[in-house]
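All chains should be modelled from the sequences, with the hints used to inform the complete structure.
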Amino acid sequence: MLLNDFMNENFPNLEFRPPLFYSWEIGIRFELGVDYDRDYDYENSPYLQGVYKRAITLFKSLHSHNDDMYIVVDVNDYADGYKYKSKTFSRYIKEKSVLYGLNQ
Numbered sequence: 001m002l003l004n005d006f007m008n009e010n011f012p013n014l015e016f017r018p019p020l021f022y023s024w025e026i027g028i029r030f031e032l033g034v035d036y037d038r039d040y041d042y043e044n045s046p047y048l049q050g051v052y053k054r055a056i057t058l059f060k061s062l063h064s065h066n067d068d069m070y071i072v073v074d075v076n077d078y079a080d081g082y083k084y085k086s087k088t089f090s091r092y093i094k095e096k097s098v099l100y101g102l103n104q
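For the sequence shown, position 73 matches number 73 in full-length UniProt numbering, and the numbering has no gaps at all.
Derived by calculation from the structure, the hints in this document are not laboratory data. Careful, some of the hints might be misleading.
Label pairs and their computed distance ranges (CB to CB) [stated by the list, open to error]:
hint	residue 1	residue 2	range
1	Lys53	Phe21	19 to 25 Å
2	Lys60	Thr88	19 to 25 Å
3	Glu9	Ser64	18 to 24 Å
4	Phe11	His63	17 to 23 Å
5	Leu48	Leu2	32 to 38 Å
6	Arg29	Val98	28 to 34 Å
7	Glu95	Ser23	32 to 38 Å
8	Phe16	Ser90	18 to 24 Å
With a Cα cut of at most 20 Å, we get these calculated EDC-like pairs of lysine to aspartate or glutamate [claimed, not checked]:
hint	residue 1	residue 2
9	Lys53	Asp37
10	Lys53	Asp35
11	Lys53	Asp41
12	Lys53	Glu43
13	Lys85	Glu95
14	Lys53	Glu31
15	Lys60	Glu31
Idealized CB from N, CA, C, for every residue including glycine.
This is the structure we're talking about:
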């Protein structure tokens, strides 16, 4: 199913525009970081490992391997009307075939 079809069927009249989270009456936020301290702000710190573990656990609890996923990225066009290529995914997906398979 294409994204537009899915959205029209499940979320009629919803516009993709910031802030998307606040477009619904009900929203759920999950606090992944607990008792943050600047001293814990370094790569691979136990604090960040805990945040990562909680995020992955939450994600795996909510989704199965067979789920279709739609990822929406807010790309600012700077109001000049031009479309800019997003580098959001290319920074993290190293396998070119997967990267080219994404509809951007």
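Quick rundown of the hints versus the structure:
1. For the pair Lys53 and Phe21, the beta carbons lie near 24 Å from each other, so the given range of 19 to 25 Å is met.
2. Hint check: Lys60 to Thr88, Cβ distance near 22 Å, so the stated range 19 to 25 Å holds.
3. In this structure the hint that Glu9 and Ser64 lie 18 to 24 Å apart at CB holds, the actual value being about 20 Å.
4. For the pair Phe11 and His63, the supplied restraint of 17 to 23 Å holds, since their beta-carbon distance comes to about 18 Å.
5. About 37 Å separates the C-beta atoms of Leu48 and Leu2, a value consistent with the hinted range of 32 to 38 Å.
6. As the Cβ distance of Arg29 to Val98 is approximately 30 Å, the hint placing it in 28 to 34 Å holds.
7. Distance hint check: the CB atoms of Glu95 and Ser23 are about 33 Å apart, consistent with the given range 32 to 38 Å.
8. With their beta carbons about 21 Å apart, Phe16 and Ser90 fall inside the hinted range of 18 to 24 Å.
9. Between the alpha carbons of Lys53 and Asp37 the distance comes to roughly 18 Å, so the proposed pair stays at or under 20 Å and holds.
10. Taken as a hint, the Lys53 and Asp35 pair is honoured in the structure, with Cα atoms around 16 Å apart against an allowance of 20 Å.
11. Distance restraint check for Lys53 and Asp41: the Cα-Cα separation of roughly 16 Å lies within the 20 Å cut-off, and the hinted pair is therefore satisfied.
12. Restraint check for Lys53 and Glu43: satisfied, since their Cα atoms lie roughly 14 Å apart, inside the 20 Å limit.
13. This hinted pair checks out: Lys85 and Glu95 have alpha carbons roughly 18 Å apart, not beyond 20 Å.
14. For a cut-off of 20 Å, the pair hint linking Lys53 to Glu31 stands: about 12 Å separates their Cα positions.
15. A threshold of 20 Å between alpha carbons decides the hint, and for Lys60 with Glu31 the separation of about 16 Å falls inside it, so the pair holds.
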